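*Asks:* Sequence:
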Amino acid sequence: MQILGTYIGIEPFTVLVNDSPELRALVERAKELRSLPFPERLEAVKRLVLEAMVNAYEGMHQPRTRVEKYELLNRGSTTQTIIMGQDNSAEIARLKEIVDENHPLSHALQQKAGCCRYQSALFFVLGYEANLGDKHFVQTAPINAEYLTILPIDKVTKTVFNELLQNGQRFTISIFRESVVDPRFDYTRRNPNLFEQPFKELPGQTFYSYHRTPSGLILVSNPNRHVESLEGAIK
Numbered sequence: 056m057q058i059l060g061t062y063i064g065i066e067p068f069t070v071l072v073n074d075s076p077e078l079r080a081l082v083e084r085a086k087e088l089r090s091l092p093f094p095e096r097l098e099a100v101k102r103l104v105l106e107a108m109v110n111a112y113e114g115m116h117q118p119r120t121r122v123e124k125y126e127l128l129n130r131g132s133t134t135q136t137i138i139m140g141q142d143n144s145a146e147i148a149r150l151k152e153i154v155d156e157n158h159p160l161s162h163a164l165q166q167k168a169g170c171c172r173y174q175s176a177l178f179f180v181l182g183y184e185a186n187l188g189d190k191h192f193v194q195t196a197p198i199n200a201e202y203l204t205i206l207p208i209d210k211v212t213k214t215v216f217n218e219l220l221q222n223g224q225r226f227t228i229s230i231f232r233e234s235v236v237d238p239r240f241d242y243t244r245r246n247p248n249l250f251e252q253p254f255k256e257l258p259g260q261t262f263y264s265y266h267r268t269p270s271g272l273i274l275v276s277n278p279n280r281h282v283e284s285l286e287g288a289i290k
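Per the working numbering, residue 56 is the first one in the sequence shown, and the count goes up by one each step.
No lab work stands behind these hints, which were simulated from the structure alone.
Computed from a predicted model, the values in this text were never measured in an experiment.
We put the beta carbon where it would ideally sit given N, CA and C, even for glycine.
Keep in mind that a hint or two might mislead.
[Claimed, not checked] Within a straight-line C-alpha distance of at most 20 Å, the following computed SDA-like cross-link-like pairs (lysine to any residue) qualify:
| hint | residue 1 | residue 2 |
| --- | --- | --- |
| 1 | LYS213 | ASP189 |
| 2 | LYS213 | GLY223 |
| 3 | LYS101 | SER270 |
| 4 | LYS167 | PRO197 |
[Unchecked claim] Ranges between beta-carbon positions, derived for each pair:
| hint | residue 1 | residue 2 | range |
| --- | --- | --- | --- |
| 5 | LEU91 | PRO207 | 30 to 36 Å |
| 6 | LEU105 | THR261 | 25 to 31 Å |
| 7 | GLY259 | ALA200 | 18 to 24 Å |
| 8 | ILE205 | PRO258 | 15 to 21 Å |
| 9 | ARG89 | LYS167 | 41 to 47 Å |
| 10 | GLU251 | PRO76 | 44 to 50 Å |
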């Protein structure tokens with residue numbers, strides 16, 4: 056386990072949290088939420104993330120449209136060209152690239168689009184700045200757990216989400232799910248227990264969490280698995 060002095064430089068599930076003007080602006084807004092009761096603060100932090108980026112995964116699956124040209128014959132044998140529709144192929148390609156490639160958080164914020172990885176990283180950072188929760192974990196889980204029996208773990212499609220503990224109560228937050236407009240893209244329709252099955256261990260991955268202590272929130276990283284509690288971990 057390593058105690059961290061800052062979240063800048065952490066890399067939860069391939070998303071490097073780096074400094075950017077967009078992140079600094081969101082951090083200032085998150086700090087303003089500290090005086091709110093926990094339920095209101097939780098919803099306010101969610102809104103900050105939802106407003107910061109659209110769901111790139113859903114966006115890259117939008118129906119393709121194209122420009123249609125029509126030539127109309129007018130009186131006097133002249134023609135008039137009418138263009139209808141708008142080509143959205145560039146927008147689809149932009150969103151797909153955000154999902155398929157590993158970018159730092161600043162890229163998603165500048166593009167105003169991200170998938171579950173970017174959304175969860177941002178929620179973790181803003182939750183920390185809003186002093187949200189007694190414990191906060193960035194979690195990942197297989198979307199289709201049955202594939203774990205037939206595929207290597209690195210080939211299994213996963214989702215990333217957040218888990219908060221407050222006064223002993225557990226809160227599961229999937230900004231991805233909350234940002235979906237079309238319910239067909241809601242993972243839990245196929246796997247209702249999705250968020251109850253986070254990986255307990257992932258060799259080669261670094262896990263991030265923060266924990267409330269008498270001196271404030273402590274941010275920690277740990278290889279391969281989460282630090283569930285700081286009791287006995289800090290000498």
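*Asks:* Work down the list of hints and note, for each, if the structure agrees.
*Replies:* Verification of the supplied hints:
1. Of the pairs offered as hints, the one joining LYS213 and ASP189 is violated, with about 26 Å between alpha carbons and a cut-off of 20 Å exceeded.
2. Restraint check: the Cα-Cα separation between LYS213 and GLY223 comes to about 27 Å, which exceeds 20 Å; the hinted pair is violated.
3. Between LYS101 and SER270, the direct Cα distance comes to roughly 26 Å. Violation of the 20 Å bound is thereby established for this hinted pair.
4. This hinted pair does not check out: LYS167 and PRO197 have alpha carbons roughly 26 Å apart, beyond 20 Å.
5. The hinted window of 30 to 36 Å between LEU91 and PRO207 is violated, with their beta carbons roughly 44 Å apart.
6. LEU105 and THR261 have their C-beta atoms about 26 Å apart, which keeps the hinted 25 to 31 Å range intact.
7. Between GLY259 and ALA200 the beta carbons are some 20 Å apart, a value that agrees with the proposed interval 18 to 24 Å.
8. Range check, ILE205 to PRO258: Cβ separation about 19 Å, and the 15 to 21 Å hint holds.
9. Hint check: ARG89 to LYS167, Cβ distance near 26 Å, so the stated range 41 to 47 Å is violated.
10. Separated by about 38 Å at the C-beta atoms, GLU251 and PRO76 break the suggested range of 44 to 50 Å.
In this structure, the earlier hints numbered 1, 2, 3, 4, 5, 9 and 10 are contradicted, and the remaining ones agree with it.
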